[in-house]
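Colleague: Each chain, letter by letter, is given below.
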Amino acid sequence: MRKYRILIAEDEPAIARLIEFKLSKEGFEVVVARDGGEAITQLRNGKWALIILDVMMPVKSGWDVLRELRKVEELGQIPVIILSGKAEDSIGGPIPIGNTRRLTKPFVPDSLVQTIREMVGC
Amino acid sequence: MKDDSALLELRAEFVATFAHRKQELAERLDEFKRLRAQGREAQAREVGLAIHVVAHKLAGAAATYGLKALGSVAEALDDLLGAELAGRGGTESTLDLLPGRAEVLSRALGEAYAAKGDSPKAASSPEAKKLIFDAESLLSEANS
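Chains as they are written, first to last, in my numbering: chain R, 1 to 122; chain B, 1 to 144.
Treat the hints loosely; a few may be bogus.
As the list claims (entries may be wrong) - Facing chain R, according to a computed beta carbon distance under 8 Å, are these residues of chain B, among others:
hint	residue
1	A6
2	L10
3	F14
4	V53
5	H56
6	K57
7	A59
8	G60
9	A61
10	A63
11	T64
12	Y65
13	E75
14	D78
Claimed, not checked - The following residues of chain B were derived to be distant from chain R, with all beta-carbon distances above 10 Å:
hint	residue
15	E31
16	R40
17	R107
18	A114
19	D134
As the list claims (entries may be wrong) - Derived pair list, reagent style EDC-like, types lysine to aspartate or glutamate, alpha-carbon separation capped at 16 Å:
hint	chain 1	residue 1	chain 2	residue 2
20	R	K25	B	E9
21	R	K22	B	D4
22	R	K86	B	E136
23	R	K3	R	E20
24	R	K25	B	D4
25	R	K22	B	E9
FYI, nobody ran anything at the bench for these hints, they're computed from the structure. C-beta atoms are modelled at their ideal positions from N, C-alpha and C, and glycine is treated no differently.
Given the sequences, and given the hints that come with them, work out the whole structure.
Modeller: Following this line, the structure appears as structure tokens:
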């Protein structure tokens, strides 16, 4: 059975561990990047079914990573979930580019899984 | 969140970090106060932004793990600092009020760590209620 590979870019270990645990349990292969710079490096060096990007991260924000990602042809269509806090949502933020959805913290892990399955079609 | 044993373990791991987060907050606050006392307002503001990141990360994680009381205090500080320090406000009173506001979060972290869970007592203190009220007022002003 095909394993879908997901990159989580999240610098808060408690959130990264929770998502990693939940997605691994659901059968996804998971890699965690601890900042936006590491996320860009991972993106360029692997094949990904979906990316989860926290907004507020060291080195590069989730929005900056998304903008860079969408400029690269072979990465441009990868589904992305932007994880934002309520304050970030209240100020709107940039309009999501491409196949992108926003999820606000706090999030329900089951809802995250459902969103992922919808976006990757599995 | 379903309470199966692995998730409870993850939550316990998260709660175990509260002593370190409280210590980090205390160190940032000391640095902030020192810089302000020296009249180095720009550097103090930078440390204020670092305190904002501490509150922001804690707000998202606490709420996601079901620690509603701690999450509400962290979120209020996150909202106030985010709006006021990150360019959507930023008055002299922001820096003046920061230590007192950050202390509220520090007390909530201490209670949550000691209780190995949430911090309902700290979150219902008059200072915490004021913090939450101020954050809600600011957001409703921004949205009107």
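Colleague: With the threshold set at 16 Å, check whether the alpha-carbon distance from K25/R to E9/B stays at or below it.
Modeller: 15 Å, holds
Colleague: R40/B: least C-beta distance to chain R exceeds 10 Å?
Modeller: Label holds. Min Cβ-Cβ 23 Å, cutoff 10 Å.
Colleague: Is K25/R within 16 Å of D4/B, Cα to Cα?
Modeller: Given pair K25/R, D4/B holds - Cα atoms ~13 Å apart, limit 16 Å.
Colleague: Per the CB criterion, is F14/B less than 8 Å away from chain R?
Modeller: Interface hint status for F14/B: holds (4 Å vs cutoff 8 Å).
Colleague: Closer than 8 Å between Cβ atoms is the bar; does E75/B clear it against chain R? Give me holds or violated.
Modeller: Holds. Min distance 7 Å.
Colleague: Looking at D134/B again, its CB stays over 10 Å from all of chain R?
Modeller: 14 Å, holds
Colleague: Hey, does the G60/B contact hint survive, CB to chain R under 8 Å?
Modeller: 4 Å, holds
Colleague: With the threshold set at 16 Å, check whether the alpha-carbon distance from K22/R to D4/B stays at or below it.
Modeller: Measuring from Cα to Cα gives roughly 12 Å; hence the hint holds.
Colleague: Hint A61/B vs chain R: min CB-CB distance below 8 Å?
Modeller: 4 Å, holds
Colleague: For the hint on H56/B, just tell me whether its beta-carbon gets within less than 8 Å of chain R.
Modeller: OK, holds: H56/B within 8 Å of chain R, min 6 Å.
Colleague: Let me know if the C-beta of V53/B comes in closer than 8 Å to any C-beta of chain R, holds or violated.
Modeller: 7 Å, holds
Colleague: Given D78/B as an interface hint, is the shortest Cβ-Cβ distance to chain R below 8 Å?
Modeller: Result: holds, 6 Å to nearest chain R Cβ.
The structure agrees with every numbered hint stated previously.
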